[in-house]
Every structure is written in structure tokens, then in C-alpha cells.
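A.B. asks: Top to bottom, those sequences are chains S and W.
By my numbering, the letter at position 60 of the first sequence is numbered 60, and the numbering carries on one by one without gaps.
By my numbering, the letter at position 202 of the second sequence is numbered 202, and the numbering carries on one by one without gaps.
Do not take every clue at face value.
Unchecked claim - Listed next, the in silico DSSO-like pairs over lysine-lysine satisfying Cα-Cα at most 27 Å (straight line):
1) S/119 - S/188
2) S/188 - S/54
3) S/54 - S/119
4) W/180 - W/125
5) W/59 - S/165
6) S/165 - W/125
7) S/83 - W/59
8) S/165 - S/83
9) W/180 - W/235
Calculated directly from the structure, the hints in this document are not laboratory data.
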Amino acid sequence: MNVLGIRLPGMSSLILWGLLWEAVGQFGISFFLPPLSAVVATLYEIIGTPAFLKALSETARAFLAGVFFAIAIGIPVGILMGKNRLIDELLLPWVNIFLSAPLTALVPVLMVLFGFGLKSIIITTSLFAIWIIILNARAGVMQINRSLIEMALSFGASPWAAFTKIYFWAALPEILGGVRIGVIRAVKGVIIGQLLISIVGFGALFELYSANFLMSHFWAVLLVLFALAFSISEFLAYLERRVDYYAAKR
Amino acid sequence: MDMHRTEAGGVPEPAVSARRISKTYGHVEALRNLTLEFPRGQLTSLLGPSGCGKTTLLKIIAGLLEPTSGEVQVNGAPVTGPGPDRAFVFQDFALLPWASVLRNVAFGLELRGVGRTEREGIAEKYIRNVGLAGFENNFPHELSGGMRQRVGLARALAVDSQVLLMDEPFSAVDEQTRRKFQEDLLGLVAEENKTFLFVTHSIEEAVYVSDQIAILLPRPSRVSDVIRPSGLRAKDVADIRRDPEYLDIVDQIWASLRNYVE
Ligand SMILES: Nc1ncnc2c1ncn2[C@@H]1O[C@H](COP(=O)(O)OP(=O)(O)O)[C@@H](O)[C@H]1O
Ligand SMILES: [Mg+2]
Numbered sequence: 001m002n003v004l005g006i007r008l009p010g011m012s013s014l015i016l017w018g019l020l021w022e023a024v025g026q027f028g029i030s031f032f033l034p035p036l037s038a039v040v041a042t043l044y045e046i047i048g049t050p051a052f053l054k055a056l057s058e059t060a061r062a063f064l065a066g067v068f069f070a071i072a073i074g075i076p077v078g079i080l081m082g083k084n085r086l087i088d089e090l091l092l093p094w095v096n097i098f099l100s101a102p103l104t105a106l107v108p109v110l111m112v113l114f115g116f117g118l119k120s121i122i123i124t125t126s127l128f129a130i131w132i133i134i135l136n137a138r139a140g141v142m143q144i145n146r147s148l149i150e151m152a153l154s155f156g157a158s159p160w161a162a163f164t165k166i167y168f169w170a171a172l173p174e175i176l177g178g179v180r181i182g183v184i185r186a187v188k189g190v191i192i193g194q195l196l197i198s199i200v201g202f203g204a205l206f207e208l209y210s211a212n213f214l215m216s217h218f219w220a221v222l223l224v225l226f227a228l229a230f231s232i233s234e235f236l237a238y239l240e241r242r243v244d245y246y247a248a249k250r
Numbered sequence: 001m002d003m004h005r006t007e008a009g010g011v012p013e014p015a016v017s018a019r020r021i022s023k024t025y026g027h028v029e030a031l032r033n034l035t036l037e038f039p040r041g042q043l044t045s046l047l048g049p050s051g052c053g054k055t056t057l058l059k060i061i062a063g064l065l066e067p068t069s070g071e072v073q074v075n076g077a078p079v080t081g082p083g084p085d086r087a088f089v090f091q092d093f094a095l096l097p098w099a100s101v102l103r104n105v106a107f108g109l110e111l112r113g114v115g116r117t118e119r120e121g122i123a124e125k126y127i128r129n130v131g132l133a134g135f136e137n138n139f140p141h142e143l144s145g146g147m148r149q150r151v152g153l154a155r156a157l158a159v160d161s162q163v164l165l166m167d168e169p170f171s172a173v174d175e176q177t178r179r180k181f182q183e184d185l186l187g188l189v190a191e192e193n194k195t196f197l198f199v200t201h202s203i204e205e206a207v208y209v210s211d212q213i214a215i216l217l218p219r220p221s222r223v224s225d226v227i228r229p230s231g232l233r234a235k236d237v238a239d240i241r242r243d244p245e246y247l248d249i250v251d252q253i254w255a256s257l258r259n260y261v262e
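For reference, chain S alone in the conformation it holds in the complex:
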């Protein structure tokens, strides 16, 4: 972005929003929104505490496990759907339904099925992330150049070799895009899981802080969460740019 001929670094607008937040907070318009500086001070205060670190590790564990299953199942399923017409016809309606379904409403069902523990939280996280990962992997495979596949077949590729050496790599730009969006959705999933299923991790902190009207604590945890999601998503965007050079010519 250029302002008055000066090139601003990316995300400069955040500074503007931060200033606005500070101003609104300083005027004390709502107890709900303390000034940014107070939030940052609180953040600094709580970030090393055992309670915070415990919450962070609980959330991180559920989040990573959930994302892992979403990726490990989502990518192969998406590739299979893109490859095989029959599998696609069978699964596509379900994927579309779950993609737009209000998954939060399903959480009580998961609790009945899988209990009130980590397992249900992980499944919730995966459910938030997996559908877009499947759809993107599928879209990536569907645009593969036919002749790449014929090339592999003509040199005697086994189905497994075609899968790992052609389909996956040819669909990688789309797959990474899907994983990036899926990971952001997983952040939502893990927090909802930790709020609704068992009050642990960051979910428990949110619950605690908002119930006690500790607003600057509440915002501090939210900032941490935002920073984590933002870094992961930027990292994946970086990987996406690395494969950009071939996204246009497959």
C-alpha cells in the first residue's frame, strides 16, 4: 500500500486499528473494551503464569491433534474424490452439507457419542477444519492436466505412485490454500470445543474471564489466539507462494 508516495509495510492498517482501539478504550465508552495498552499490560502479566501456560498447552495439544486428523484424512479423501467420479458422487453432498452446517449445534451430539474429554474436543476441531481441506484438494486434483496423468500411466505408474508423485504435488497449491483456511477454522473449533465440551484450555480462560468481567484478561487471551492463528496462516501463505510458480502451469 502506498500513502502519499510512501510505501507502507504489510498489515500497517493494524496500527491504525490499534490506535482507534486505544482511543475508544481511553474514553471509557464501554467497560467491555479497555484500552489496548491495558490489555497489553495484562497480557505481559499473565503470559508466563502456570495457569496460562497450562491453558496454552491444553489448547495447543487439542488443536494440533485436530488439525493433524483433518489434514491426514482430508487431503487423501479430497484427492480420491477428485480422481474417482463414483466416490465424488457419493461424498460431495455430505461434504457440502457439513461445510455450511452450523457445526456448533452438533457438539452436544459429539459429547453423547464420544464423551466429555479431549477426544470430543479433537473431533470438534477436525470437523471445523476438514471440509474445506477436502474441497480444496478435490478442486486441485480436478484441474490437473490430463497429459500429466497419461504420462505417469504410460511409464507404468502404480496407483500409489501416481497418488504420491503426481496428484498430490499437482494439487499442492490448492491443498495448501485449503489447509490454511482449515487451520483458521480449527482455531474456532478448538475454542468452541473447550467452551462447550469440557471447560479446559483457552476455553476455560475465556469462560473464567468473561464470567468475572476481567475484560483486559479476556482480550489479552484473544490477542494471543489471534497472533497464533495469524502466524500459522502466514506461514502457510508463505508455503503457498513457494509453489506459486507452478500453480499457473500444470
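With chain S held as given, fit chain W with the ligands onto it using these hints.
C.D. replies: Below, chain W with the ligands without anything else, positioned relative to chain S:
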């Protein structure tokens, strides 16, 4: 010249034969009852207007498509799918955009389970043969169209199949590069003891490079004529285009095809 080349009018026995091949795509009848033999060690062109089924025939021979009826034999054995006796050169190169030239050239061997050191050694040799030495670590998007097709050609040569199937390999490269390719192809046919099946829609190209030209007529396609420019192969590559036989055959083919061009 090796022993397989035409001598005293004798045609080598066929390495590939297509027998009564028919192919329909839904309502489109692409090939009807097409029979053609491809002599061993020679280059046979499939020449015909676009849409007449040349690619279809080549893919059936490659084992990538099933004929609706009829049979293809390679070295006397019926084709049931792709096999190590045939290698394909694609019109659009079909290179892995995420892999280096070296890996692309070695990719056929990689799929056939050849170990890394061995296949890269072989690939390096063929990269040199097609004139791409020094580009081993470049990626396809860094190469010109002509260089990309050299990669595709090196990949097909590296697996050392007896039969090379080339689908309009030079149609996506510029005119100068194409001429160089045609000369190199003649050298290749003379050196490598392989059977070449070469699809083209260019009459001049077919006459220039072929031992045998099969002229296909539009759908449903069948072979209308087989021409063997026997006198040209002994000539120097630089003189072929001025040779009376070359010019006569080009005219003759044009005369038989012109009725089918709108
Ligand atoms: N997959 C397909 N489905 C339907 N029709 C096809 C398909 N492939 C080729 N055809 C048709 O078959 C005919 C022959 O095609 P093709 O073999 O590609 O011709 P050529 O290579 O000589 O240009 C064309 O009319 C084309 O439209
Ligand atoms: Mg064609």
C-alpha cells in the same frame, strides 16, 4: 544405416501392427476399421487433418485408450495397457513443473523402480544427448518450449523402449527450433535402433522425417494411402528439401488431402 533399413525394396517386419481398430467416443466415430503396420527400426508418420483421430490411434497403441474393437500388437504380443516396450512423447510436453530437468528426465525410470544413482546417471547422459547439458537443475518454467520438448524427448529415450510414440511433438515450438528438431530426429532414427511413430499435421514435416507416411482421412478415420519416400533417407539432411522426390511427394499428398480441407 543398419540392417533394419529398407534395402532393395524390402520392408522390415512390423514392430507394431494395428488391426481393424475402431474407436467411438459416445456418438463420435473417431476410427473405423483401421489397419496399419509400423516397420521395425523406421519412422512412420501419421498424417492427417486435425480431428481425424491421430492422437486417438497413438493412445490406443500406447495402451492409454481401449479400442472399441480391433487389436494392437507390439512385437507379436497384444497390447492390454501401457508397457515398458513403448514410451510416449507428449504434444504439451507433460513435464512435472515442480521437478528439475534431471528428475523429469529420470522420471520414467523412477516410476519403473530404478535406483536413484543409476537413473540419474542415465538421465544425465540423455540430457547431454538432447543438448541440454548444464540445465540439469533448472525447472521447466525456466526453459523455452523447444527446450521443454527436449526434456520430454530425453525422458522417453531414457527408458530405452523399442517403440517411441510421438504426438505432434514439434507443434508447440517455433519454426526454427522445429527444423532443428526434425534434423535431430533423423539422426536419432539412424542411431537408435528404435521404431518411431510420429504424428503430425504438417505434410512437409512428414515427408522430411519419415520412412513411411500413413495418410489418414477425416472421421471415421481410415488409412487412405501409405507412402514410402525410399530415396530420401540416403540424402544429406540439408539437401532433402530441394530434392525432386521430396517436392513430388509433398505435392502428391497435398493433392490427395485437399478435397478434405474446408
Ligand atoms: N475423450 C474424447 N471424447 C469425445 N470425443 C473425443 C475425445 N477425444 C477425441 N475425440 C474426438 O475424436 C476425434 C479424433 O480426435 P483426435 O484423435 O484427438 O484427433 P487428432 O489427434 O487427429 O487431431 C475428434 O473429432 C475429437 O473431437
Ligand atoms: Mg492430436
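A.B. asks: Which hint numbers does the structure go against, in order from smallest to largest?
C.D. replies: The structure breaks none of the hints.
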